[in-house]
Every structure is written in structure tokens, then in C-alpha cells.
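Participant: Single-letter residue listing:
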Amino acid sequence: MTWILFLEQCLNGLQFGLMLFLLAAGLTLVFGIMDLINLAHGSLYMAGAYLVATLTQATGSFMLGVTLGIAATALLGMALEVLLLRGLYKRDHLSQVLATFALILIANETTRVIWGVQPLTLNVPDTLSGSVQLLPGLTYPAFRLTIILVGLAVAAALYILVVKTRIGMLIRAGASNRQMAMAMGTDIKWLFTAVFGAGAALCALAGAMLAPLLAVEVGMGESILILAFVTVVIGGIGSIRGAFIGAILVGVVDTFGRAFMPTLLRAALPPSFADAAGPALASISIYLLMVGVLFWKPRGLFPVGS
Amino acid sequence: MRKKLFFLILAGALSLSAQAADKIKIGFIGTLSGPGGVIGVAIRDGFQLGLEHAGGKLGGLPTELLIEDDQQKPDVAKQLAERMVKRDKVDIMTGIVFQNILQAVEPTVLGAETFYITPNTGPTDLAGAACNPYFFAVSWASDNYSEAVGKHLNDKGFKNVFVITPNYPGGKDVVAGLKRYYKGALAGEVYTKLGQLDYAVEISQMRAAKPDAVFLFLPGGMGVNFLKQWQQAGLGKDIPLIGTGWSFDQDTLAAVGEPTLGALNAAHWNLDTNNPTNKKFVADFEKKYGRLPNEYASQGYDAAMLIDGAVRDVKGKVEDKPALRRALEAANFKSVRGAFKFNKNHFPIQNYYLRQVIKDDKGRFVNKTVATIFTDHSDAYVAACKM
Amino acid sequence: MRHAWLAVLIALALAFPKIAALLGQEFYVSFASRVLIWALLASSLNLLVGMGGMVSLGHAAFFGAGAYVVGIIAADLPQLSSALLAWPLAMAVNAALALLIGVVSLRTRGVYFIMITLAFAQMVLYIFVSIKGYGGDDGMTIARRSSLPGVNMADDTAFYYVVLALLGFSLHALGRLKASRFGRALMGIKDNEERMESMGYPTFQLKLASFVIAGSLAGLAGALMANQNGFVSPNMLHWDQSGTALVMVILGGLGSLWGGARRRGGVYASAGGADCLHSALADCPGAFPAGRRLLRSRRHRRIVFEETAVSRSGNLLETHALKKHFGGLQVTDSVSLSIRRGECHAVIGPNGAGKTTLISQISGVLKPDAGSVVFDGRDITAYSVHSRARLGFARSFQITSILPGFSVADNVGLAVQAVTGTSFSFWRAVDADHELADRALEILREVGLESLAGRLAKDLSHGEHRQLEIALALATRPQLLLLDEPMAGMGPEESERMVGLIAGLKGSHTIVLVEHDMDAVFRLADRISVLVSGRIIATGTGEEIRANAEVKIAYLGAEEAP
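Protein chains in written order, with our numbering: chain S, 1 to 306; chain Z, 1001 to 1387; chain B, 2001 to 2562.
In short, the hints are calculated from the structure, not lab data. On a predicted model such as this, the values are computed, not experimentally measured, just so you know. There's no promise every hint is true.
Quick list of in silico lysine-lysine cross-link-like pairs, BS3-like style, CA-CA up to 30 Å [unchecked claim]: (1) K2018(B) to K1089(Z); (2) K2190(B) to K297(S); (3) K1288(Z) to K1386(Z); (4) K2506(B) to K2367(B); (5) K2367(B) to K297(S); (6) K1237(Z) to K1210(Z); (7) K2323(B) to K297(S); (8) K2506(B) to K1025(Z); (9) K1386(Z) to K2018(B).
Chain S on its own, in the form it takes in the complex:
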């Protein structure tokens, strides 16, 4: 293992973590402020990816496709909030889990009807299709580098929004004490809708960033949803900072688990056992991380509220 490979894997972990952050940020706010377990968050990600892919093909421009796709997904999310999810805020977690589970199934079927079973593909825009030489011997795909930069920019923007602005203050108040936030403004409904729309937009951005890397297909939301939930729970529900740290942790732990665990085990254990245990440990590394965090801090790394 050379240090170049190590650096490259660090970048991979960072990139994966930042994508998780985009999904987890919306999820954690919806969780924290509206007290809603939204399993259908992954469906918004899927919707975003499909819309971006379709609009990119229709307009012929990736930038335009991404912009329109994000806007459309945000509108879709807000419509969903107003028409459906609003009624779920006061229900218990069990009903929320079941209702949004049903939404996943509906979203998948609808997508299948509209776009068919074949995955869509979206190619990387030409300007970003190559690789960049970062250091002698270390080349990295330009598009993945773009993802890292976009992820960091969004994280910084969210930080400023939440910490420095009035809306951010409302959001934080909402996450730490819902009753108080409700008492503070008559426009709380509007705030909920806006937060939900912003979460949907972040989903779409993640979908847009990943669409050129992954097949855009039905069911793409579920596998990543669980990871996003793990991230949110590790970070502490309602905490943007927690979602960021949690996402980077999950990204890096998962990447390192896959990249180095089999080799390390082979060095320490008999090969037959190492070959069986390596992939298993790599697969469960993030769940171990989560259980470990919750064992020591039952409300996540950055618990919000009292």
C-alpha cells in the first residue's frame, strides 16, 4: 500500500461522505424540526436523478438540466409536504414509518410506469470527463473532484445559512424545541414547507452529482436511504453539524473498510478465515460504527435540544 493509494482512498471516502451529507442534511432537518421519519427521502433522491437525467437529455446541457431538475424536485417535495406529509407530523413514529414506506412503493411504481424498467444513463459532461493530476502519480477523475468541491460548497453555505441568518435561527430553534418554534411564528407552516423543499433540492443535487456515476434506476433510493439514516443517527437528529461529521465518518469508515480491511485481516489471520471475514467486516463496518456511537452517546454525537 503506497501513500498515493492511501491519499486516493481518502479522497474517495471524502467524496462518498459528502454525497451522503447532501442526503442526510435534508433528512436530519425534517427529522429534527417536523419530527417526521421520512423513509421516502430516498424516493426524492431517485426523482431528482430521473428529472435531472431527463431534463439534461431534453435540453442538451448538463448545467441547465441540473438547475431545472433541482427546481422541479424542490417543487415536488413542497407539494408532497403540503398535500400529504403535513398530516403525518402529529402521528407517532410507527404510522410515519408505514405511511412513508408506502410512499416508497408508490414512487417506485410511478417511476416504472413513466420511465420503464431500463436504467437511464447520463454521461459526464465533456469538460469534466477526464482526470486531473493532483500530485505526481496521483490522478483523480475530474468529475469526482467536482463532487467534492460542490459538497464542500453546500456544506459551507448551509453552515452560514443555519448559523448566521434569521431563517437559520428559526430552524435551529425548531430543531431544539418544537413547541417554542411553533409559538414564535405564525409562519411555521411555511417554514416547514420551505425546509422540506430545501431537503428535496439537496436530494436532487445528490442525484444529479451521482447520476453520471451510477445507473439511474428504480429502487436506487432505498440502498442509499439506509446509509443516510445511519449518518443522521450517528450525527444526532436535527444537527447539521452532526450530519456533516457523521457523513464524513461513514464515508471514510466504509471506504477504508472496503479498501484495507481484507488486506489487514490477511496479514493478521489465517487466509481462509480472513477471506471470509474481510468482506463481512467491510460490509458491517458502518453499522458497527453506529452501534458504537449510540452505545456511548445514545442520542448521537451532537444531540440537539434537551
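Starting from the structure of chain S, add chains Z and B where the hints point.
Facilitator: Relative to chain S, chains Z and B alone:
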């Protein structure tokens, strides 16, 4: 309440029973939805085209085709199979895409002495010691494709190959097949989680390992994602990519496009396989479904034609099981792959070809046959079969 | 009427294979077995979700692990392939697994609990996916069903009856469990966990026990499913199986099966088929004698524990220099109090003086930053709420904290149960336990709620809620009553009744009273401590406090200010 439901179902079932003796019932269980659904749909479409070519009458018998979706879940498939065998009393079953599904269903079907013709997965245990008089593979044994890749790599003098497959028994079978013929070193051997989406970690490892070729076995969506990311990592120019035909079937090529260009792969059939049956199959498939067929579709088509020929040979007496078995063994039909016969383990003896992805004159990405790797090739397990 | 329906249902279930055979549809027998197995899985999950309020999204882990035990035995340990060995082993393995998962998971609540159970299930899933020897992702085929002496298990009909018998027994056992002390305590936790803890219930252990029982039952369901299907695959461990089981629990009716059961005239009357089955099957007295003996030994230990707490000094409770701050705010600052045995000691002070924080530190809800709490000569600063409750603390809450879904009598019954014997009694119906019911009625008489015994607690008026609070506190036979603003929000008439009630308790109980109503305080209290900005500025009798100049300035100063 629950019991009431049972009786409703029961009553419904009764009205459907009492089958006529002068027709044949085929049970088709396939993965028609979810990530693996594309494959099941291809097989079903191929089978239905075969049925259509036979005039809706396999071997001259009016044919009832029951199609069910197993959702790629073994327990769902198991229930469907029980229903088809015990309630619907089908004569022949087919359709299953994945090995783990077949494994769950097989005791029910073969235990009831119902014929099963696999249009895809060919588990190696069924080719060897566990071979069964009621089981026929119209496709291949699971490691045939990778044996062909291994032979090609070995013949061309590759010395340092990097291997990537999902961490499941099918993947390990495939690697075993590769190693049976490829004698060079392995630059790396990575087993990924089944259904993994992002291969950045593994691609970085490949870049660092500097192999002289990468062998991939990543069926379905996994392959699509890998190919896209492979192309972006810019390694395609330096390191040749070679895989089994399953990663480069026509549906995948159509979906992925550019990143597959130039990739090598091995299969037993291709669009350009040169015989009259295949020309008609390809043309009619495209006309009927608006897309080019892939090998899965060709296997579905051949499954239908195999039944057609055998039922014709026994003159429609499908209840005479020994006779039907002999007729199936004779495989008296024209396969789209050309020369075809069954070995004593009911697995095929056939050719395997090296294919390369090119852009055809209509701008479509298709496989072109570039060489024959194996002629009349069997499998490594037939000796263990006592049948 | 209900019993008639039940008889029909059982007859149908028993006759089902015969009917199917008559109609030539034997296929439906194995289908029915599968439905029964799912019912067993769902009812095991219902023990967690419906009774205990623990929404687990990882129940498939136990289902799958139970199936794998059978699969592994079939493949490698044929000497264990008797159902009499294999199935109990599957249950034992899952009990151990549930204990492990439960110990970690039950530290968390709500969403965190949902997610952590899911995470554990994912881990179990990936472990089985990685075991090549047992088929990895493909799963494994089980050639032969577990054997049972005298039964041809290969026959679908015989197997159906085995499953039916096991389901019947399990539902009966779960029905008994629900009606037992354990079941009632568990439902109490679902209703109001904080209250249950302050009454002295070991809520963690109770939840853990139910988690282990549910896990082992799910393991049995998995073992049966493995036999039914003849194969096992990691698919059984997938989270959508957990989701499906949850959906079944909901469709089955959380409320109507075992969940917050309706209480009618002291008899659990619920509509679910399972309950009917339970009540129709014969009573089985004397079951589990060994377990009971074990639990009795626990009870003995407790009694000894209580006897050591004999008085030694005149002060029952002392606090020494208690300090607590939130952020920069010093809420209690070196508070030292001594409460004499048998006195009524009031703590007064303006709003925000830190009274509730002080009482929370005494009852153990909050840990002080510095200082100590001494009860009966013993330093209890590090004791948890429920161990303090066992020493004889009882607290009434400032904000009403009762078990809203239970009847008034059951509220008190649960409180009585907390101090009389164990709650780890799984079989005997709590309604047959006259010791509990009689004591509960006695207490209700004492607080004047006797006539409302059958009413649901959430339907009471505010004043009645406060009375019930006191009743709950009394039921635990407290040595020390902590009354946190018992008169808050009451009208004059209700207040008067409450003053009378507390006056009646004086002498027989040591009472710490936090109250705003000065009239009441001066009528009731033997001694008064005045808390201002986190400090005690004076302690003395009512007369002394009235005469104290510092109190006048600090406490009444606002009125005298220009």
C-alpha cells in the same frame, strides 16, 4: 377472518381446476421486476416469441403459459413453484434467472418429477453429482463463460490479471472457472458487496496494482455502474477490460453505450451468429419488441423451441415422462446458437466465442464475434454425474 | 357469543387440511402453515411494539437466525435434527442474540431505537451473507425437516398441525403474559416510562426481558419457516421482512390484539382472535414452578434490603451543599437541607428560584454537579431514580404524570405492584391477584377516588389527576413523599380538598412540599425553607419565617417595592 379468506381462495381455485388432457401447461417463474427484472423480461420475451413461432402450439399442443414474477425473492419463488406444481399441475417449468432462486425452487419441482428447463442459471452441482433426470440446461454451466475468458487470457499470454466479482457463491464459481484455464498471476482479487453502487475504492486499487488486464464479473446494474466509473477514471486507455457475456449483453450495451466500447467478452451466442434460425430470431425479435435481443432472450427462445421439438417427437403424449425425457435429451430442434446437443448431464455441448463491443453502421453499440475460443465445449462436472 | 366464534375458528383451523384434501387442494395446507408461521412472527413482534411500545425494525434478524440454526443443524449436526432439540436450540440462540442486541439497543429511545435495531439486523444479515460454508448470499437447501417422534414431519398436513399447536400455545402464553404482572408493567412502560421508573420499576430490565422473549419466539418462527420452505437464505434477514412483519402487526390491530387493551369491568376484553384463543384454552396453573422459585429468591433479597434501612438519626433526608448549573446559570447553589422524620417540610420561593431543580436532584432525575444527598444515613447521591424509589422515595410531579391509558384502579395497582413482590411474573393473571386489588382500593379510599376506580385515567379532571398522583405516590409505601406543587392549577374547592388530603397524611409520612399557595403552605408545613436564586436564605417554623426580615425583603420585596 383469516380462515374465511382461505375459503374464498379455495373456491376461486376450484373453479379453475379440471384440466383438459389435450393441452400442455408451462409454468414460467422469472424475475420480472426490481433490479434484476431486465433479464427475466428478456427471457420471457424470447420464450413468447418462440411460442409465437410455434403458432401458439408447442409441439402441436394448445399451450397454456402461466407467467409469474418471483421479485428476485427465493421464498416468493418457492410459493409460486408449489402452487404451479401442486395446484396447477404444470407439465414443464422454466424461466428462473438467478441461481439462489433456482436452488430454493428445485426440490419442489424436481421432487414432484416435473421437468425443469433452465433458460439461464446453470448451477454446477446440478451439472455434476446432483444431476437430475428432470433437469435440463438450455443455457450453460455457471462457469463456462469465465472458462472461456480464462482460456483466452492464457492463450494470449496475459500474466497479471485483476479480478473483481460480487461476494456471493455465483461470483466465486465464476472465478474458479477463470482459474481453471488461466495460469498467470492475479494482480488482485476483490469481492464486493452484492449490489454495490460505487466502485471508486476498487478502481483506485486497480490503478495502483497496474494489472495487464481487468476481469470483471458484475451482473446487471453493478456492471453498468462499474463501466461508467471505469471510463471516467481514464484507465480504459491503458488496461484492457474483459468479462463474461453477462456484463455486456445487448440491453446493457444499449443502456451504457460509450463506456463499453472495445471491451472483450465471452458468450455462446451473438447477434451475428451465422445461421438461418438466428437471422429469423433476431429480425422477428426486433420487429416485435423494438429492440435487439440479447443472449438471455436467445436462451428463452431456445427453451421454447426445445419443448416444441420434444413434444412433437412424443406426438403430444406429455404424460409419458420417460418418453418425454428421451425426446428432450435428443434435443431435436434448431437452436439459434447453431450446433447444439446435450451431454449426459443434460447440460449443453456447444461453442464459446470471443466478442468485442463495437459501434455498428446504425450507430448502435453491439457485440461483434471476433474469435472462437472453445469448440464443442462441455463442462468440468459431467464426470461426476451418474445418470 | 365470542366463545362461539372462537370455537368455530378453532374447529375450522383443525378441520382445514381435511377440507382441503376433500376438495383436492392439498396445496393450500402448506400455504396455511406459512400463514400461521407469519402469525407467530407477527405476534412475537407485537409483544415489543403493541405491548412494550418498542418499534423494532430489526425483528427479521431473529427470524433469519432461527432459520439458520435449523439449516446449520441439517447440514452439519444431524445428531441434533430432532425438533425437540433443534427448535429449543433455535430459541435459545435467539434469546442470547436478543439479550446482546437488547442490552445495547434499549439504551436508546424512539427513532434511535428503530435505527439501532435495523443496524443490528443488517450486521446479522451481512454475517450470514459472508459465511461461504452455508451458502452465502444464495442460502442453503435443507434436505429433510426436523424430526419429531411419532409424527411424520415430511407430511404437510402433519406439519400443519405441529405449527398450529405451537402457534396456539404461543398465543396462549402471550395472552397469559399480557394479563400477568409482567405484562401490565410492560404496558405501563409504554404508557409512561418516566412514571414507571419513578415508581421503582426496573424499566430497562423489564424491556430487556420482553425483548428476549420476543426474540426467541421469532427464532421459533424462523425455525418453523426453515422447515416449511426447505431452504434458508439471507433474504429472510432483509429489512423489508422486518417491515412486512410490522405491517402485519398494524393490520392485526395494535390496540385490539394485545396492545393498549380495553379494560371493561376489570376484565380485559379485546377483540383479537389471539386473545379469544387464549381465554378459551384451559388455565394451566402451576406452570413454570422452577422459574417462580427463582423469582421468589429475588423477592427475599428485596425484603432484606428494606429492613436494613432502619432509622438511625432524627433526620430522614439531608442534602449537603448541592450545586447544579445549566450553562452559566447557577440554579442551585450550595443547598443544604435537613428533613426530620415525620415532619412536613415546605420549600417555597419565587418563580425560577430552583425549586423543581432541587427536587429533581433529591429524587435522582438530575445529578448534582457537587454536594451529596443522604437518606437515612446513607449517601445516595449516585443512586438512580428507581433505586431511590425502592428505598422509599415517592414523587408527585409538577406536571401531571400518570398512565393515561390505564384505569384509575390499574394506575394504583401498578404502583402497588412496584413494591409488593416481583414484576417478573409471566403467567399468573394480575386480575386474580387480590393482594394488589385490595391494597389499590384501600389507597383510592384514602385519597377519595374510590368512586372513579373504573374510569380511564385520561378522562379525569385536573384536580382528580392530582389526587391520583398522590395515590400513586402513597401506593409505593413511601418513607418520603416529594410533592411538587400539588395544588398547581387548582380551583379553590379542589385546593381545599387537596389540603385536607395532605393534612391527613401528615404524621404518618415524611413530606417535602414545594408549593406556591402560601395559605396552604402555612397551614400544612411544620417547617419551611425559603429558596431564593438557588440559595436557602432561611429555615424555620411558619412563625419564624413570617418574622424573618431577610425573607420579607427577598421574597416579598417585589410587593413592597415602589
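Participant: Each hint should be assessed against the structure and marked as holding or not.
Facilitator: Here's how the hints hold up against the structure:
no. : hint                 : in the structure
1   : K2018(B) to K1089(Z) : holds, 20 Å
2   : K2190(B) to K297(S)  : holds, 23 Å
3   : K1288(Z) to K1386(Z) : violated, 43 Å
4   : K2506(B) to K2367(B) : holds, 29 Å
5   : K2367(B) to K297(S)  : holds, 17 Å
6   : K1237(Z) to K1210(Z) : holds, 13 Å
7   : K2323(B) to K297(S)  : holds, 25 Å
8   : K2506(B) to K1025(Z) : violated, 87 Å
9   : K1386(Z) to K2018(B) : violated, 41 Å
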